[in-house]
Structures are given as structure tokens and as C-alpha cells.
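In order, the protein sequence lines correspond to chains A and B.
Per our numbering, the first sequence runs over residues 1 to 545.
Per our numbering, the second sequence runs over residues 546 to 667.
Hints are computed from structural coordinates only; laboratory data are not their basis.
Hints may be right or wrong, so weigh each one.
[What the hints assert, rightly or not] Computed footprint of chain A on chain B, listed as stretches where at least three residues anywhere in the stretch have a Cβ under 8 Å from a Cβ of chain A:
1. 617-630
2. 634-640
3. 646-657
We put the CB at the ideal spot given by N, CA and C, even for glycine.
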Amino acid sequence: MKDNFHLSMTWLHTWTGLVVGWVLFFIFVTGTAGYFYMEIDRWMRPEQPLQSKPVAADFAVAMAEKHLQSRAPDADSWTINIPGARETPYLNVSWRNPPKPGEEPPQGRGGGGRFGGPSDILDTQTGEVQPSKPRETGGGLLLYRMHWALHYMPYVAAAWIVGICTMFMFVAIITGVIIIYKKIFKEFFTFRKGKGARSWMDMHTVISVTSLPFFIMITFSGLLFYLYTYMPLAPKILFGDEGVQRERRFFGDQGKRDGNAVPLFSLVEALKLGEQEFGKNQVRNINVQFPGDSAATITITPRYDRYLNEYPQLKLNGTTGEVLDNPARKVSAVEKTNNVILALHEGVFANTLVRWLYFLAGVLGCAMIATGLVLWTVKRRPKAMKNGKFSFGHNLVERLNIGTVAGLPGAVAIYFLANRLIPVDIVGRREWEVHAMFIGWLLLLIYPAFRSIKRGWIEVFWVSSALYLALPLVNLFTTERHLGVSLVYGDWVLAGIDLTFFALAGTFAYIAIKIKRHPSAVTKAVKVKNTTDDSTLATNEVLSS
Amino acid sequence: MPAECGHFFLFSETELLLPMNTKTRRGTGEQPHYRLLVLSRIVAAVAGGYTFATVMILVLTYLLPLPQKDALMLSTMLSYVIYLLAIIWVFSVKTVRKAWIGISVATGLLGALAFLLHSIQQ
Numbered sequence: 001m002k003d004n005f006h007l008s009m010t011w012l013h014t015w016t017g018l019v020v021g022w023v024l025f026f027i028f029v030t031g032t033a034g035y036f037y038m039e040i041d042r043w044m045r046p047e048q049p050l051q052s053k054p055v056a057a058d059f060a061v062a063m064a065e066k067h068l069q070s071r072a073p074d075a076d077s078w079t080i081n082i083p084g085a086r087e088t089p090y091l092n093v094s095w096r097n098p099p100k101p102g103e104e105p106p107q108g109r110g111g112g113g114r115f116g117g118p119s120d121i122l123d124t125q126t127g128e129v130q131p132s133k134p135r136e137t138g139g140g141l142l143l144y145r146m147h148w149a150l151h152y153m154p155y156v157a158a159a160w161i162v163g164i165c166t167m168f169m170f171v172a173i174i175t176g177v178i179i180i181y182k183k184i185f186k187e188f189f190t191f192r193k194g195k196g197a198r199s200w201m202d203m204h205t206v207i208s209v210t211s212l213p214f215f216i217m218i219t220f221s222g223l224l225f226y227l228y229t230y231m232p233l234a235p236k237i238l239f240g241d242e243g244v245q246r247e248r249r250f251f252g253d254q255g256k257r258d259g260n261a262v263p264l265f266s267l268v269e270a271l272k273l274g275e276q277e278f279g280k281n282q283v284r285n286i287n288v289q290f291p292g293d294s295a296a297t298i299t300i301t302p303r304y305d306r307y308l309n310e311y312p313q314l315k316l317n318g319t320t321g322e323v324l325d326n327p328a329r330k331v332s333a334v335e336k337t338n339n340v341i342l343a344l345h346e347g348v349f350a351n352t353l354v355r356w357l358y359f360l361a362g363v364l365g366c367a368m369i370a371t372g373l374v375l376w377t378v379k380r381r382p383k384a385m386k387n388g389k390f391s392f393g394h395n396l397v398e399r400l401n402i403g404t405v406a407g408l409p410g411a412v413a414i415y416f417l418a419n420r421l422i423p424v425d426i427v428g429r430r431e432w433e434v435h436a437m438f439i440g441w442l443l444l445l446i447y448p449a450f451r452s453i454k455r456g457w458i459e460v461f462w463v464s465s466a467l468y469l470a471l472p473l474v475n476l477f478t479t480e481r482h483l484g485v486s487l488v489y490g491d492w493v494l495a496g497i498d499l500t501f502f503a504l505a506g507t508f509a510y511i512a513i514k515i516k517r518h519p520s521a522v523t524k525a526v527k528v529k530n531t532t533d534d535s536t537l538a539t540n541e542v543l544s545s
Numbered sequence: 546m547p548a549e550c551g552h553f554f555l556f557s558e559t560e561l562l563l564p565m566n567t568k569t570r571r572g573t574g575e576q577p578h579y580r581l582l583v584l585s586r587i588v589a590a591v592a593g594g595y596t597f598a599t600v601m602i603l604v605l606t607y608l609l610p611l612p613q614k615d616a617l618m619l620s621t622m623l624s625y626v627i628y629l630l631a632i633i634w635v636f637s638v639k640t641v642r643k644a645w646i647g648i649s650v651a652t653g654l655l656g657a658l659a660f661l662l663h664s665i666q667q
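Make a model of the complete structure from these sequences and hints.
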């Protein structure tokens, strides 16, 4: 029975979904791309070598240790990445020099590399340093970061905006389930083609239900990343102004030098201890704090695919190799639960197949939001039409939908294009890549205002399609990391990205053609208006959901 | 669907939160308080629900048989679901007045309980 409760839930679903729909679409697009941020990072740094050839871990560590001993004997910290895992495509060594007098020591362990310090990529066969000074770029990490930190604004403000949108999404998803739960199976297996709003509704339902557990998981876990940021009052009342300091997951206390020179414990032996703990070929990374000092410690980290309910690390005394107590591994059941939920969100543990499933679920999320936004307009077109014109509000939603759903993917393509086309030596090119993306998006948001709705959809989808088609081609002419190289070498990460660009170009072209062939929804709507009684429409409107 | 239309009217006598394009608004003209009532309900859901969730965190933290840090973490994790349920509840009751009374009384009682538990623990 369509009762009051059902109507209220429909209202809540419609409006919570609409008001934040465009921001959510942005979050989903950048977050979905983020499942491959490490791969995109490599694509955006074409100066880096192709994937290292496989190498025995102990051989790699011995080579890296020798290199670090001669290259950075006085460093505060060394990090060796052992190639083979997704997150370690190279034999990469990085180090951190002691802070200059008066300089704040950087937070956390680890050498340079990702944190901007010095690093070298070594050839896995010869141990020679490979030329790899990459261009200045935000890479995939910056794109990924936008889905929680947005851009052009303070971090905390962004966290709150994203959090509020996420809560809206949580409400929209659960009310969506409430709306259809009684006939969820019937609705799921129903698709009425070519029936206007009815078909859009069916599509929205099918897409949403297909990946429903993922949507609930991703929304709820998204909120938990900022557990005490969004809910700060209780810890404040319980523990005072300091609240609860969440332990820094990856970064322990750095400790201090003793000043006594003692030779470092053999890193190859340390690797053996790590493999005893985590399994053969499961060690990803060895970090040494204060090498050559009597206070040295060695931290051995396994591959990311072992991260689920804790962040396992083995700590050793850096001179004797004795296993040290690691407080980071003593986590309670509640913390483990929390860790699992966060790990599910990030998918750090995912292998290639599961990673693609994550990507697919993310794409379905984009499609769910997109069909929801379109459904809002399609349902309202008959009534929004007055004297042959739409109201300002309706027009705005129609145009924002085009610029976001069809335009934002194109803007992301512009980000990648800018990475290839902006000269390498320009100052601030990292920021200009981002500017290019947002200027592009702005133009694609404005453009539909000057076109009819149907023309707007078709043309912006064509623009996005053309931009993705251009990417592998521009790559061919501007770098030595194009398909001709990556396919021959067998670097499937780089090749996969170029091939995905082709697939996206094809998808957007297909959608554009589909819309072009579709009888104009707007003219249809006007016909319906002329032949149907107003009140029936109003009831249909409310009750049909 | 005449039966369901009538059904509609029946409830519109109360301060129902109706979707924008309902018979009520069209048939009887725009209710002057309509927008204010919707706004009031939204505030009850967003602010009232948030306060309710926060008070629930306190009560659960005191009651859960766990070390306090774990109890706080678990109840904060649950608080997002509690917030969600509170929002849905506020939008599901018939009148805005009822929603405000319900959320205020529940928050007040839980707040008193939290204060009591806090005093006992001290």
C-alpha cells in the first residue's frame, strides 16, 4: 500500500539524492579512478622505467643495501621497496637526511620517495641507478585525494563537505531500499524499455540493487574515516579538549640516535626473518631507522594485500636482529572491526581481479547517481513545461546534469592530457594540470546552457569521447611509454590504462549515439501533457514510485 | 487511482510532509506554512538527530562492557547508523510537532541517563 510513510521516504530519497548528487558524482568518479591511483601515478610519470623484471628478494635487498651504504651512509632513515607487488613496481630505494639545525623533523618514518625526499630506482639485474627524474605532477594520488579532500579549499572544510554529502547519500540509499524493499525482486527483474520515466526508474533500480552491498559499505565506511571529526562532542566530554588521538597507523615514534657507531644488522638476514613471519615473497618494504647507530631499528612491512584487520609490521633491533615488541600490532577487537571496514573501503588487499570488481562497482555507483539525476528531470519535464519553457530551477538541474554526468569524465581526461601537453619545465605545472581539469569542467558546465537539452547531452558526450580517444594518441607522440612500447615489453599496467582510455572513448560515443537515436524526450513530454489530465499526472508522479 | 487520492486528502489535514507536487498543494492552493513546516522538519532531522546520536554515544560508551576507548570507538561507529535511523524516523512521523517532541524527549532522557552514569563513574 502506498501510504504516508512510503510517500515521505520517496520525498526524502528524491531530495537528499538531488541536492548533493553532483558532488557525489564527483566523489564517485575520482574515487573510482582512485582504485588505480598507483597505476595512474606510473602513467603520469612517463620518465620512469618500465616495470622492473622479477628478481629474487634477497638479491634485490643486498643490492639496495650496498647502494645505500655508499650513497647515503649518514641518512636518518632508509627505505627499500622490493619489486613484485602492485605498490612496488621498481627496486626503489629512498632515504631521509638528518634535519638541518632548526628544521622540524618530518612526521613519520620512511625515507623520501613518496614524501618528496631523495630516491633512486635501481636496475634489478645490474644494480645501476636508472635515469628517472619524473615530471612534476600530482599523479593519480592527487586525483584520488580529491574524493575526500576536494581541491582549492582547506582540508577540514573539504572533509566536512564530503562528510555531509556522504550522510545525505547514506539517507538516500537506505530510503531507496525502503521504497522498493517489498518488491525488490520483482523490481530488480523488471525492465520496461522505451517507456520514458518508467524506464529510467527501472534502470536506476537495477543499477542500484546490483551493487547495493557495495554502496552501503562504501558510504558507511566513508564516514568512519573521520570517526571523531564528525562526532567530536562525545570524546571531548569524556576525555577533555584533547579528545582521542587516533594512533598514526603507519608512523610510529621516530626515536633518537644514541651516537655510538655499531654496524647494521644484515638486511638480507632481516628479510629472512620477515619472510618467516609473512611468507615467501610477501615482504614489500624494509625500513631502517638510524642505520649504523646503536639505536637502529629495522621495520619489515608485508605487501598491501595482507592488510585487513591490522597493519602488520615486524620490528627488529637494528644491531642484533632481535624481534622487538610492536605496540601497533596489539589492536582490540573493536579496532580490528574498524580496520576491516576501512580496508574494505580502500580495497588495499585487492588483487587484480578484485580491484577490477571494485572499479566496476565504482562505475555502477557513478551510473546510479547519473540515472537518479536524470530521472529527476525526466519525471518533472511534463509539469515543468509552462508556455513551452522550463522554469529556471528545472533548466538549471538539466544543465548541471549534462555538464557533470557527461562533462566531468571529460574534465578528468583533460587532467591526463595536461600531464602530457604542458611543457615539462614550466613552473607550477603540477597545479596547472589541476587548473586545466577544472577550467575544462567549467566550460563543459557552461556550454550546455547555450544548447537544447538533447543537443547538449549528445555534444558533451562526444567531447568526452574525443578527449579519451586523444589520450593514447597524444601519448604515442609525446612519450616513450605508449602502447607500442608497453605492449611489446609486457607492462600491462601502462598498457591497461591506454586500453581503458579507448574503452571509455567507445562507451561515451555509444551513449552519444544512443541519445541521438532516441526520440526527443522533451517533445514526448509535451505531447503527454496535452493529452493527460493534470491530476492523474500528479498522482502518478507521487505514487508511481 | 481515486481511492489513493482520497487517502492522500485524509492525511493532508495533518501537517503531513507531502511531496511538492501533491493534490493538496495544487487542489487547495499552497498552504502558507508548507515550506516552514518542511524546513522545521529538516532542522529536527539534521540537528535533532545529530544531538540524539551524540547523546547515544555517551550512554553506550558508559554501558558497553568494554574498555572505555573501545566502547567509545564502537558507539561512535554505531552512531552514524543511529543518526540515519533518527533522520528516517523524523521524516516518518505524521506531524512536525510530534517529531520535535519525540526527538527532544528522547535526547533529554538519554542525556539525563548519561549524566547519571557519568556521576556514578566519578
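Against the structure, the hints come out as follows:
no., hint, verdict
1, 617-630, "holds (count 11)"
2, 634-640, "holds (count 3)"
3, 646-657, "violated (count 0)"
The structure fails to meet hint 3 from the earlier list, while all remaining hints are met.
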